[in-house]
Structure formats: structure tokens, C-alpha cells
Amino acid sequence: MKHLRQLEDQSVFILREAYKNFDNLAMLWSMGKDSTVLLWLARKAFFGHVPFPLLHVDTSYKIPAMIEYRDRLAREWRLNLIVGQNKKALAEGMNHTKGRVECCTALKTQGLKQLLEDKGYTGVILGVRSDEDSTRAKERYFSPRDKNNEWDFRDQPPELWDQYKISFPPGTHIRIHPLLDWTEINIWEYIKLENIPFLDNLYLDQGTGKRYRSLGCEPCTFPIESTAKNVDEVIIELRNTKVAERAGRAQDEGRGMEQLRKDGYM
Amino acid sequence: MTTDTTMKERMNIVIVGHVDHGKSTLLGRLYADTGTLPIGKLEKIQAICQQQGKEFEYAFLFDAFLEEQQQGITIDTARTFFSWGGRQYIIIDAPGHKEFLKNMVSGAARAEAALLIIDALEGVRDQSKRHGLLLSMLGVKQVTVVVNKMDLVSYREDTFKGIEKEYRDFLNQLNVTPQYVIPASAKLGVNIAQVSPETPWYTGPSVLDSLAHFSLETTLTEKPLRLPIQDVYKFDARRILVGRITAGKLKIGDRLVFSPSNKSANIQTIEAFNIDPPPTQAVAGQSVGITLDEQIFVERGQIAAQETDRPLVSTRIRANLFWLGKRPLEIRRPYSLRMATREVPCEIATIHRIVDANNLNDRQTQSSVQRNEVADITLRTKTPMAFDLYTSFETTGRFVLVDDYDVAGGGIITESVPDEQESFRTEARERDSAWVKGDVGTADRAKQYGHQAAVLLLTGPDTTAKGFLARKLETVLVAEGRHAYLLSPENLQRGLDADLVETKPDEVIRRFGEVIRLLTDTGLLVICTTNAFPQASRHLLPTLQTLVNPIPVITIHMAKDLTGPQPDTDLAFAGPENFDDCTHSLIELLKTRGILGESSRGQGEFQFSI
Ligand SMILES: Nc1nc2c(ncn2[C@@H]2O[C@H](COP(=O)(O)OP(=O)(O)OP(=O)(O)O)[C@@H](O)[C@H]2O)c(=O)[nH]1
Ligand SMILES: [Mg+2]
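Residue numbers (my numbering), protein chains in the order written: chain F, 151 to 416; chain D, 1365 to 1974.
No lab work stands behind these hints: they were computed from the structure.
One or more of the hints may lead you astray.
Result set (PhoX-like, lysine-lysine): computed pairs, CA atoms no more than 20 Å apart in a straight line [said to hold, decoys possible]:
1. D/LYS1408 - F/LYS392
2. F/LYS269 - F/LYS248
3. D/LYS1627 - D/LYS1615
4. F/LYS248 - F/LYS238
5. F/LYS237 - F/LYS263
6. D/LYS1811 - D/LYS1598
7. D/LYS1372 - F/LYS152
8. F/LYS152 - D/LYS1408
9. F/LYS170 - F/LYS269
10. D/LYS1613 - D/LYS1811
11. F/LYS152 - F/LYS170
12. F/LYS263 - F/LYS412
13. D/LYS1505 - D/LYS1405
14. D/LYS1405 - F/LYS392
15. D/LYS1372 - F/LYS342
16. F/LYS269 - F/LYS297
17. D/LYS1462 - D/LYS1690
18. D/LYS1598 - F/LYS170
Ranges between beta-carbon positions, derived for each pair [what the hints assert, rightly or not]:
19. F/GLY198 - D/GLU1844: 35 to 41 Å
20. F/GLN156 - D/SER1852: 55 to 61 Å
21. F/ASP350 - D/LEU1935: 37 to 43 Å
Since this is a predicted model, take the numbers as computed values, not measurements.
Heads up, the beta-carbon is just placed ideally off N, CA and C, and yes, glycines get one too.
Work the whole structure out from these sequences, hints included.
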């Protein structure tokens, strides 16, 4: 338990730095386990309040239960929820059959970009973790993105001790990553420790011998074989598995993720 | 609450060393040989290597970017997760190329221990030493050295011993003793996950086993308290001060003193979300929220401590600094210094010497520090800051310098250099801690008056109508219902200063400052001019600031015209102009600074909170 409190203390510190130093701040919430833990950590950091808007980039292909859950928590926790959508791409019929990377780029990366531009956010908090894929392993806690939302991983600014990048030229923004040091197991351990409401219908086996390990769009996310019916069983399963978490996420194949993230994907 | 306890500890370890000496390979091998890689990962790397017509490279497991794999080089640090023996490690793979030193430093700054890799064939090289030096500056005291690629020197003991001696001697000068020096071959897995027969003369642990010998820092809690204030929240009825305890511990009822303001109050509650019952104490490492029993002035950047052991305060510090900036560090260029949660403008006063990482000798004194160099410097901050010496407190004893938008260097504080305010600062501190208070606090007064206390100081050459504006300000403020008072320094001459037979400018200023301090303590807005101090006016401002600290001193400069360089003040006016406008701008400034409430006589929404 101590290791979870250590992770919590670090993430809370980062969230408070973000809140202090960015006038126009927002947090991305995909309703998945990571960004929900992140949202919970914000409530920790700000004593039950969430003093910035939560952004959901809605691709329209999300599993319906996710939307229901989103709206329920938004009400109960008095969240300022802002939903963005790349309406133009959707109107032109964008979907995964036009290419997964293309679809992600249009609906998520572009959708996010539009939302950021419209609202002029200069700080965006995201729940990415280093153990998700090897490009995320190279992220800074505070990571600058240029005018085109692109990530210049070749030339990232130094990050020393607890001093983060909080100043930046106009037109650029900073991605803030409080969960970089958390593993997938840590997320579940913390959900259990704090009793955080999560999408149990999707993340746990409902008697079909399958559950989702990672949630994305319906057509591109596949459940895994699993009989884990509660959080304890999920943790035990993860301790013993050697399958990567995002194995069920189609856009990670080949160099898909590297290209996506360079272009501003979360 | 039942939660898993098999994973009790977390530890961050960094792998450093000269370029190509085998850091990433060693890490890859460590994962592969302990069976901790996800399914299909090795096959994926195998395919990439085949495609590029290369031999299998374990390094590609973490050198994930196409550029990294094509060039066979690590560009940026990777965080990897490794669980072993009840510990959850984050192992950080740092790049060795000189070009990416800023990335190496970013990785190493997060670590508690380091594996330093040296190629047995190439021996100790530039970055082997520079990384060693930086580790000691970054606070990474536990180091294990791995002499890698032993396969290339036929596992010869004498080669190993030679490198071991050379590097031990080097670390010795930095007061670092390596825990182990391990001969290994990362590529062939020799002495990585287990001790192997290739080095029968070696009796120490494998790299994997050596990890368990790194210990976690536990003494931090035993130190005196340091809580750098991160922010002050007022989301609801509570006024919560938040921050991360960097040393020591605290509990409800403890008396805290805030530096450099010297204000003090007791901890009333420790606030937390979803913790029942709420905590009554907290220790180093925790991010906390506390409320105080009195609404004293507290802002981000102050450091809370116990009365008996406070941080140092000065505008001058001596430090060892490493520079990573795109352009060289130069004397008298403006930088921003960030220490814990404090940020102040600063400049470099002196560059004493540049440390040559290769032989730790001094180089000739210079006027600039180049990228990747380490230097011994003295710097000057614009306003006083609270800090510690690095040897006694790590977190409040180190800082970064920001050049433009980027963190460009880091330093550890080796010495507090007294500045000319030293004696006044001691006086103010001792006076404040012995001050006998009534029951009415500063916040109560501010609420009643509709404003906080402040000093409005008018500066500038003669005949710019400073006195006229001062009188007008007093009139307008009082007419608005504010509690303002114009104090002309001459008024002290025949009274309080009557015993000062000889001219003692410092003493005159000190007494003037103490009188103003008394007036502001009653909640007044005190207006004064530099008229009576033509020669000493340069000392007047800093001394006033020290003596009335933390009450703000707002400076208004009256110039004949605004051409040429102007002093750095809050407001500046040129020549005889429209005095109504001047008064109006000043009142607006006081409102934006939160000194004046929106309306007078306390009925407004004015809140004493920052
Ligand atoms: N013969 C031999 N080659 C090795 C050994 N360890 C690493 N190498 C090779 O040395 C080269 C560099 O290895 P890396 O692991 O990429 O070196 P690095 O220290 O991570 O390099 P940077 O991160 O770029 O500083 C690779 O071609 C490795 O295969 C070893 O023990 N023996
Ligand atoms: Mg490497």
C-alpha cells in the first residue's frame, strides 16, 4: 500500500503544479481506468473539487456504456464536462475501415487538436502511462507540443527533480502526464484501495469468459480471454500474464503508435 | 482495507555511462534473462533486426524510436518497469552520447541509485566521468559500476582490475564509494541475471542481485521539517495550504514559521479527501493540505519549518552548477531561479571556476559557462529567498535556472553568502518571533478596513512633485474610506531621531523602517517619499522591504521624462502630468494586487486571501 501512496503523492504534486502554473488548463477523460484514476487523483489534490474542465474527445464509436457512465459521474461529481467531436470527418464518413491510423488521426488527434484550438488550452492533463508502449516510456511529466500539436521527442527539454516545464512560447501547449510512473497493476491496486467506481461491466468478466483490458473505440478494441470477476482477480491475472496490455488495441501494430504519438496522439 | 502487500517498495534506478558502452543492452538482457518481457516482444525485435540486416540487439527493446534503432543509439531516457524480490523498480535507461546529456540528467535526477557501465575494451571515457560527477550533483549517492563487454577482453582479471582501480580513484575524489564493481558481458548474459563461470575470479553478486543492495532513503523523516508551500486553496470555507513535505514531519497543533516572511501560526487540521478519519500527522514525501489557526500571510514559495530550525535567507548563494542550456550561461544575463516552489529573477554575480570533469581540476576563471560544463558560481536573486545548504537538505538545497522558456541548468547550494541586508534581516526575524500579539489578527483588520496594509514609496529625482502626489494620494484614499497615512521622514528628526547627533544614514533609515513597520502592523496604508534621503535612497528600498517584510512595498517612480533606462518599479510617471490619472492608476494597481478590496469600509467582497 505504501507504494501506492507514494505514487499518489507524486501525482498529486504534479496536478497541483499544473493547476498553479496554467491559467487555461483541462484534463482529458476517456472513462477508461487510467483517466478515471487520474480524475480521482484530481479530487484528492483539490479536496473533492475538480477545478478545471474535463475533455472527452468523442469518436462516436465508443461503447454506449461508457457514455452512460461518463454522464453519471459528471453529475455526481459536479464535473465541468466538455465533449468534442470531429464532426467534419464523421460527416465525411470516417471510420476504421479507411485505415486505423487514419481513423485515429482524424477522430482523436484532430478532434483533440480542434478542441484545444477552440478553447485555447495551454495545459492538457493526460493519463498516459510509461508501461503502455515504448514511446510513452520516453515522455516527460510536462511535455511541450508545438503549434501543430507535434511532439519533438528528439529534443525534449530537461526535467530536473520536481522542476517542470511551465513556460512556453505562445501558440504551443504543454501535455501533463501525472501517471507516467504507474503500472497497469498499480492502477487496479489503487482502484481497489480507494474504491473508485469504474466500468465493471466492461473491465470484468460478466460470465462470458471475456473482459476488456483497455478501452477504446468499439471496432478497434477487443476483449481478452479472462475469468476475472473482481478487482482482486484482475490483479492476480495481471501478475501472471505476459501479454502486453495494448495487445487488444489495433492501432499499436507496427510503427502505428510511434507515428500517431509524434503527430499529437495522446 | 485489504490490499496486496507483496509489492512493498518502489525504487528508481538509472543506467548511465559513455555512449555505446552497453547500457541498453544490459537492461534488455536483464529483462530477457529474468523472463519479464511480454510475449512476442523478443520476436518483434528479432524481426526488426532482420529487416535492418543486423545481429540481434537487446537494446532495441527500449530504443523504441526508428531514429534510435537506425543509429544504434539511445536519444532519450526510457522508463522501464521491473519487479523483483518484492520491489517495484523503475529502471531508467539513459543515453550516453554527449549530445543528449540533458536527457541523461533528466533521467538521473529521478533516480535513487545508479548502475554505471564502462566498456572493458574502451575503458574509462569522458562521459563515464562526467556522468559520475553529475550523479553526485544530482543526489544519486548509491552507485554500482559494471565493467561490460568483458567478452571482448577474454574476461581478463587484470584488465578488469585496472579499470576498477582507475574508476574507484575517480569516484573517491567525489566522496562516492561504489557498492560493487561487477565484470559482465551484457550481450552474452554473463553475470547479468546470475554469476557465470566465465569469471571464476569474481566473487561478488550478479547485476540482478546487486539491485537488492541499494537501500531506500529512510532518514528524511528524522530531519527538521521543510514544507515548501505549493499553493493556497479556497474552494470552499477552508483555506488550505498545500505542499509536499520535503523533510521531517508535522502534526496537528505544531507551530509553523514561514520563511522568508517570519509569520507563524499553528496547524489546525490536516485536510484529505476520502480518508476517514482524517490524518493527524504527515511525514516527508507526502503531498499534504493543512489549515492554520490564524489567517496569516502565506504564499507559494515560502517554506514552513519549526521555529527552532529554519532555513537560511539571503539574496546571495554560492553553488555548484551544471549547465545544459542551448546558449552559454553568462554573467549579468537575467535568469529565473526555481528552488522547490519558489521562483525569483536572478543573475550570476561571479563564476569562480569551471570544473573539468575529466580530472576534476579547475580551469581558468571565465565569464561564461558552456553547455555541459560544471561551474562553481555565486548568484544574486532579486528578492530574498529561503533555502538550505545541499549537504543538510537535498530538496531545498538545490535549484534550477530557467533561460527563456526552458530549464537550462541545475545547481546545488554550497554556501549562503551574506548580503548587505543581513543584519536588518536578523533584526526583523528576532523582533517578529518575540512580538507580543493581541487577539486581533492581520486578517481581522484587513476585513474591517477593506484593505491590507502596504507601503507606497514614491521615488525619483527632485522637483518631480513626489510630495504633491503623496499628499493627493493620502487625501483620495482617506476620502474613499481607506486607512492611509502620509509619513514624511523629516518628521522623525526632532523626535525619535533627536539623539542622532552625527549623521548616521543607516540608523536613520533603520528607525524610519521600524516606525513604518509599526504603522503597517496596525493595518495602515503608509505613504512616503525618498525626499529626505537623497544620498541613501538606494539603500532605503531594500531596507524598508526587509524591515516591513512580508508587507508589500509598492514603488512609484516619478521621472522628469521616461527616456533612458528607468529603475525597476511598480509604476512610473513622467514629469508633471495629470495627477488625477496617476492616482487612479495607482488605485487600480492596488486593486489588482489584492491590496484594496473592491469597496471601502469592509462591506464589500474583500477577502484576505491569496
Ligand atoms: N561484445 C559485446 N558487445 C556488447 C556488449 N554489450 C553491448 N554490446 C554492443 O555494444 C553496442 C552498443 O550497445 P548499447 O546497449 O546500445 O549501448 P548504450 O550504452 O545503450 O549506448 P547509448 O545509449 O547510445 O549511449 C551494441 O551493438 C551492443 O550489441 C557486450 O557485453 N559485449
Ligand atoms: Mg542506450
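Practice task
Would you mind confirming whether the straight-line C-alpha gap from F/LYS269 to F/LYS248 stays at or under 20 Å?
Solution key: violated, 29 Å
Exercise for the section: Could you grab the alpha-carbon distance between D/LYS1811 and D/LYS1598 and see if it respects the 20 Å cut-off? Expected result: Between D/LYS1811 and D/LYS1598 the Cα gap is close to 16 Å, so the pair holds against 20 Å.
Handout entry: Straight-line alpha-carbon gap D/LYS1627 to D/LYS1615, limit 20 Å
Key = Holds, at roughly 18 Å.
Problem - Given hint F/LYS342 paired with D/LYS1372 - CA-CA distance at most 20 Å - result: holds, 16 Å
Exercise for the section: Decide if the proposed pair is consistent with the structure: F/LYS269 and F/LYS297, CA atoms, cutoff 20 Å inclusive. Expected result: Roughly 14 Å between the alpha carbons, so the hint for F/LYS269 and F/LYS297 holds.
Exercise for the section: Measure nothing beyond the straight line between the CA atoms of D/LYS1408 and F/LYS392; if it is 20 Å or shorter, mark the hint as holding. Expected result: holds, 14 Å
Problem - Pairwise hint evaluation, D/LYS1811 against D/LYS1613, where the allowed Cα distance is 20 Å at most - result: Not OK: D/LYS1613 and D/LYS1811 at ~33 Å, beyond 20 Å, violated.
Exercise for the section: Starting from the hint 37 to 43 Å, judge whether the C-beta atoms of F/ASP350 and D/LEU1935 obey it. Expected result: violated, 60 Å
Handout entry: 20 Å limit on alpha-carbon distance, applied to hinted pair D/LYS1405 and F/LYS392
Key = Judged against 20 Å, a Cα distance of about 10 Å means the pair holds.
Problem - Hint consistency between D/LYS1505 and D/LYS1405 [alpha-carbon to alpha-carbon, up to 20 Å] - result: violated, 34 Å
Handout entry: Given pair status - F/LYS170, D/LYS1598, alpha carbons within 20 Å
Key = holds, 13 Å
Exercise for the section: Given the hint that D/LYS1462 pairs with D/LYS1690, test it: the Cα-Cα distance must not exceed 20 Å. Expected result: holds, 14 Å
Violation of the numbered hints given earlier is confined to hints 2, 8, 10, 11, 13 and 21; the remaining hints are satisfied by the structure.
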